[in-house]
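Let chain H serve as the given structure and place chain Y on it in line with the hints.
Keeping their order, the protein sequence lines are chains H and Y. Residue 44 in numbering that gives the first Met the number 0 sits at position 45 of the first sequence; the count goes up by one each step and never skips. Residue 234 in numbering that gives the first Met the number 0 sits at position 235 of the second sequence; the count goes up by one each step and never skips.
Just so you know, the hints here were simulated from the structure itself, not pulled from any lab data. Every residue gets a Cβ at the ideal spot worked out from N, C-alpha and C, and that includes glycine. Relax, there's no trap hidden among the hints.
Here's a subset of chain Y near chain H, in silico, CB distances under 8 Å, partners left out: (1) V1; (2) Q3; (3) A5; (4) A7; (5) R112; (6) L270; (7) T315; (8) K324; (9) E421; (10) N441.
Taking lysine-lysine and the DSSO-like style, the derived pairs with C-alpha atoms no more than 30 Å apart in a straight line are: (11) Y:K72 / Y:K144; (12) Y:K324 / H:K50; (13) H:K34 / Y:K445; (14) H:K251 / Y:K358; (15) Y:K406 / H:K34; (16) H:K264 / Y:K445; (17) H:K34 / Y:K302; (18) Y:K144 / Y:K64; (19) H:K198 / Y:K422; (20) Y:K30 / Y:K15; (21) H:K224 / H:K78; (22) Y:K445 / H:K198; (23) Y:K324 / H:K264; (24) H:K251 / Y:K302; (25) Y:K302 / H:K23; (26) H:K246 / Y:K302; (27) Y:K422 / H:K23; (28) Y:K302 / H:K24.
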Amino acid sequence: MLKDHPLVLPELLTEATNSASALKKFLHGLSQVDKVGADARAAMLATRSIKTSAKLEGIDLAITMIDLTTLEGSDTRGKVKTLCAKARRPDPLDPTVPSTAAVCVYGDLVPFAKLELADSDIKVAAVATAFPSGRASKEVRVQDVREAVANGADEIDMVIDRGAFLEGRYLEVYDDIQRVKAASGTAHLKVILETGELKTYDNVKRASWLAMLAGADFIKTSTGKISPAATLPVTLVMLQCIRDFHKATLRKIGMKPAGGIKTTKDAMKYLVLVKETLGDAWLTPTLFRLGASSLLNDLLMQRQRMKSGHYSGPDYVSID
Amino acid sequence: MVFQYAPAPESTKIVKIDSSYGLFINGKFVKSKDGSQYKTINPATEEVLSEITLAGKKDVDLAVKAARSAYQKWSKLPGSVRGKYLYRIARILQERSREFAVLETINNGKPIRESRDVDMPLVAAHFFHYAGWADKLEHAGLGPKPQSLGVAAQIIPWNFPMLMLSWKIAPALAAGNTVVLKPAETTPLTALLFAEVCQQADLPPGVVNIITGAGETGAALVNHPNIDKVAFTGSTEVGRLIASSVAGTKKKVTLELGGKAANIVFDDAALDQAVEGIVNGIFFNQGHVCCAGSRLLVQESIKDEFLDLLYERVQTLRLGDPLDKNTDVGAINSAAQLAKIQELTQSGEQEGADRWSLKCDLPEKGFWFAPTVFTNVTQAHRIAREEIFGPVLSVLTFRTPQEAIEKANNTPFGLSAGIWTEKGSRILEVANNLRAGVVWANTFNKFDPTSPFGGYKESGYGREGGRVGLAAYLKSENKK
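Isolated chain H (complex conformation) (with noise of 0.2 Å):
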């Protein structure tokens, strides 16, 4: 960064929240995305060529970045037990292969996945507010959180209200959203926009304004639920964000891609758009996660292959 000369000044984002009209004003203020631009960027990093040494750097940075993560209806105790193993030691055969950052589970599993976890840096992080459609009332969505938070989770994944942003009430997403802050205390807020249904890259630039500004401390693209997931452009736009919010206000926001991210390649390509974007200082797990469950055997598999000089199988990782 060359000179610290903030896009917009502090007081003016605390402005901007002061009425719905003010909060509209500025969303709307914001510079627009050109589509064709931002997919021709993200397309251009794509091809980075990663090799060699900057692929096993990037395999064990990227399993370290991996919010490990089973959101089903049927997910059992004895599903989670085995996910929290896997977290802790995702390769069986290998035990310099790094623990992953985080496992993501429904609030109700918290207490079991804290209990597999308990003598380990591995964060609980939990989905919350009604998700994954958000669809219920505000004291609902809150007191999903508080029950998450009151079972031990490290982190909330909370969904924003996407037909009140997409109906332009942005100043109740905010308030929502700051509610949702409060209610996790000392607890990590991610907040899914769903971008796969807010479509525009206007819309999710001016998603991930509200979301810093009301005070996430990650932005997230996806639940996972809804096809498309995580896309590299979509990524690209919510990192721009990050580095202009960072800029205005100084904090650091962090990023998590989720859903659709299911090879080494595809995990690559998102280290190499982070790099690019905002610089080598957010490539830890405090600052990037993956949202995924496949891809870490994938990064498993390359992993043995480059260690071993050859291709293992999936008979040589474990599914979980």
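Same frame as chain H, now just chain Y:
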């Protein structure tokens, strides 16, 4: 934990470079009659790659004779048959595109990412496009039975060796002409490899002749009495010489010359994408682009914010080994071009503009210039008026759309321009008032074989590409 890009060099095993090359005349590589030899190098390493022939007058004469005699048959072939040859060439170029991309990068210094992802796909696309035209010439807008011109003398520059070759050869052949093409002195290798493709495609001997050499060879070709058409892409200086030497002859001429394009950023632009566009506009191909967006005109109300974003973005450019797949900025093509860039940037500093350059290590060998941005540039500075043809951006400001248009047009050139605004009506209004052959809106340096390309004023005349590009190689039946 760290995440540093490891070197990712493209293998050069795929290319085979001979120790010396003759001239490609009448379907065969032949030794020169009266020429000499010179060395061609890799500008990124200064390593000698091969000995190239500097064709003499006799060689030029032989090449023109071969083209003339091939013309008799070629021009009378049914268009569908000429199209068949062009389709065949296009497919071979696609099949061998990796080989061409690597060779282009070795001889030119441009990043492999560009030769692989931009140059070669466009080269094949041009051949495919004009292959399709070969049997549809009556729809070119030149009357029911347009006629070919004869032998075309084609002289191309070093910045896009294969792309410029395709822009020249594809329409000429589709229209029924035969050609003698001279690649640039510093970048002959891919044109010579293209000669091999012509053999592989069984193109009749003499339809394409490739003679290598420098300015004198070009002059001999242009002044040859038995050619019908001159197509030149290069500097305005040489373009002037060509125009005066063919004046008063029957030769038709198209010239695609220099540029000093303005990229105009309004305060309602999509800023991050505009920054990308400015960066691609001037640092793509090291700024060795005639239509490069070498002047940034930014609205004063967003100047500081925009320049901060721009500097940050430029700081992420990766300069170095052009063969590395992660390189963004490669080598300057020649020592002479580097000297020219250095001379003009020094004048920029002397005239009082503020210089900012990318902080990066320049390789010891080869020709390199760090991407540079000048601010506080005025319309009167040389760096705002002369074509630098290097990775150097001059930043000027404006207050109103009217002022932007006036400043953008206030140049002897008129090849291209860019407009960055989210307001559609403003795009249309500004574009209509810009005197530039190509105006890009919210994008830059986008090329397509269907889209004509060419300039106003000192940027030359005639258009290449698309249907309009056929007019450079055809005449109406009644205009004998």
